[in-house]
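Participant: Chain by chain, the residues run as shown.
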Amino acid sequence: MEQEPLHEGKKILNATPRPHGATLVLFLLPIAVLFGSALIIWLNYWLPSTAYAQYLLWIVAVIALLEAIVIWVMLSATLPSYERFAAAASGAIETVSVGGERYVRALIGSGLGYWDLNIETSEVFFSGKMMAMLGYAERDTTQPMTFWFENVHPEDVEGMKRTMEYHLDRRTPEYAIEYRMRRANGEYVWVADHGQGEVNHEGKIFRLSGVTEDISNVRRVQEVLESRTNELQDAKNKIEEEVQNARKFQKAVDASTEAVSITTPDGAIIYVNPAWSTLNGYTQQDALGRNPRLLKSLEVPPELFTAMWEKISAGLSFRTEDIVNKRKDASTYHAELSIFPIREGDQVLFYVSICQDITQRKEVDRAKTEFVSLASHQLRTPLSAIRWYSEMLLSKYVGDLNEKQRQYVKEIYQGNLRMVDLVNALLNASRIDLGTFAIEPEPVSLVEICESVLGELAPQITEKNQSVERLFTNAPASYNADPKLIRIVFQNFLSNSVKYTQAAGHILVEISVRENSLYIRVSDNGYGIPKNQHGKIFEKLFRADNVRQKDTEGTGLGMYIVKAIVEASGGKIWFDSEENQGSTFHVLLPLSGMPKKTGQKGLS
Amino acid sequence: MEEKKKRTILVLEDERQLAKAVREAFTERGFEPIIVSTVDDGLRQLENLKHVDVIWLDHYLLGTGNGLDFVVQLKNHAEWQSIPIFVVSNTASSTNIRSYIQLGVSNYYTKADYDINQIINDIEYALAQKEKEDNN
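Residue numbers (the working numbering), protein chains in the order written: chain A, 1 to 604; chain B, 1 to 136.
Next comes chain A alone, as it looks inside the complex (with noise of 0.2 Å):
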């Protein structure tokens, strides 16, 4: 306790008994020597005239001795009780000195400011260290106290006075608080305030002392925690809003009625959807950590698989409807099936897998080709019937016919071929509407198919007297392409050219190679499209206003059925035209050739 070195001191003094009896000394002292002199001067003055002259000497020297021995004894008495007392006394200022001592070493090597307030003067006491520490030269000042008040930050000033007042009123056990100081040079400096009031008998304050405390270091230190704080609650609040937001998606995704599944790259399911437990018949538990490979049927052929993962170990995105998927009770499904890779630069991160049970979508796509098919067969046998039996009329199977009567049954016969093409072509459009034709590439020479398309119009050219022009020097030998769509594209372009364009007119067909594609074109200078219909040229059952008034043969589905091959070729196709001055059609196809494409029927 900081009380201790006055109290060991006082401990010490009260140890000691209390000397006394000096005051009777000083008395009685004067008094026994004076009693002594007197009586030895009476003596003086009257043994003389007695008998006893003689021993005068002797009486006198008793007396001498009998009061230095009642001297003594006064003396011994009081002196030794007086010498502990001083000596004990000595002993508590070095207790309480050396004990002082202690503290005030302490303060001093603390570096900490001390001042000492004294409330009734209003002046403080400020140690070398305070005024140090506020920029003034190191040594201990009185100063006043509004120069400590004035020196406070405007904005603390209040607070610091405040609580200094609660303090001194007694209304807090200590007087403690933080505020700027202004140093010498301006500048303002956090220091914390630490203090006690001493008490006098009227139990009031009379006497604040405490020390100050440079505490900037603490407040940079603090500053540098709240920020920091700060940061970290701004992360955190973030990574909270990441968090919500990845949750969204996260319900989002188990909500979906798609079923979603995300593996790693080396084949580990990590996560599933509710949607994907319930087409297939695992739970999250079930497929956690197994290989997508246990949805494996075996109806899938594996060259689908190879060209998965071709595409996805490529780092691209691969999407199939041809899958067959196995349940967990073995039941099979057909599927739509797209995997996309998640990357991060180069490296891929997780595959996530979306996967449609489109067994209905199929039996719909089935039922409809079914009808279309129906259709057909419906639709073909009266117009085969028409047509042989027309064709027998012409051959006179069945006796002779006068001119009129050929004329009139060579009409029926044409007509017919015209309705035979017409349902040919629905057929096809309906194919390519419902997306399952297929695409089966061989090797083919272009140009062989292209002659021979050339030579199934020979006769309207020869007729019309029409010329055509071949430039195949830089056809490709061999080309990868189904050859009966290949022949379609050819047909609709070369038939489109001999019927829309004029007698003695001009043909051009180019098959070569061209920005590292293929590239066929065809071209005439016969009637040619009005601008203002070329936008539907590519449409189903369109024929330009021109040509019908010319012509009243053709289907209008031509054009879409060639535009739905090239594309599904993953190719290109556009026109330039003016009327009355002719036409011509490109087509761009990749070098590689028509990719192979399932489905349930070629166009024919």
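Keep in mind that the hints were calculated from the coordinates and are not lab data.
Do not take every clue at face value.
[Unchecked claim] Which stretches of chain A does chain B cover? Using the computed rule of at least three CB atoms under 8 Å from a CB of chain B, they are:
{"no.": "1", "stretch": "389-399"}
{"no.": "2", "stretch": "410-424"}
[What the hints assert, rightly or not] Partner residues are not named here, just some residues of chain A that face chain B (Cβ under 7 Å, in silico):
{"no.": "3", "residue": "Ser373"}
{"no.": "4", "residue": "Ser376"}
{"no.": "5", "residue": "His377"}
{"no.": "6", "residue": "Arg380"}
{"no.": "7", "residue": "Thr381"}
{"no.": "8", "residue": "Leu383"}
{"no.": "9", "residue": "Ser384"}
{"no.": "10", "residue": "Ala385"}
[To be verified] So these bits of chain A aren't anywhere near chain B, every CB distance computed over 12 Å:
{"no.": "11", "residue": "Phe27"}
{"no.": "12", "residue": "Glu240"}
{"no.": "13", "residue": "Tyr271"}
{"no.": "14", "residue": "Lys531"}
Computed from a prediction, not measured in an experiment: that's the story for all the values here.
Glycine residues also receive a C-beta, built at the ideal position from the N, C-alpha and C atoms.
Chain B: place on chain A using the hints.
Facilitator: Coordinates of chain B only, in the frame set by chain A:
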């Protein structure tokens, strides 16, 4: 030169209209057409008749079984295996066509796309080829 024997053609066709036209056309071209409308009838005829030169086969027929079933049956019988089969139908998916070709039919035609004489020409050509082969 021996007298040209009338060649027998077994026709499996269930559409009455077309069957009639086919009969007329083949008769005109010197064939003897036998018309049936089901697979079972076709097989029965094969058993009854001593010899059939060529078969005209539609895919969809009355009764049970379609053209493919008939071809399978045919190819399983040693004595009928080598009869040329011409499939003439208005509809068969590409898978079916592939199956027909794999089973070894001579040709496949979509009815409405061909004149009957064209088909008969092809049949005569095929029979002439076969005769040459048989004689060698």
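Participant: Which hints, by number, does the structure contradict?
Facilitator: none
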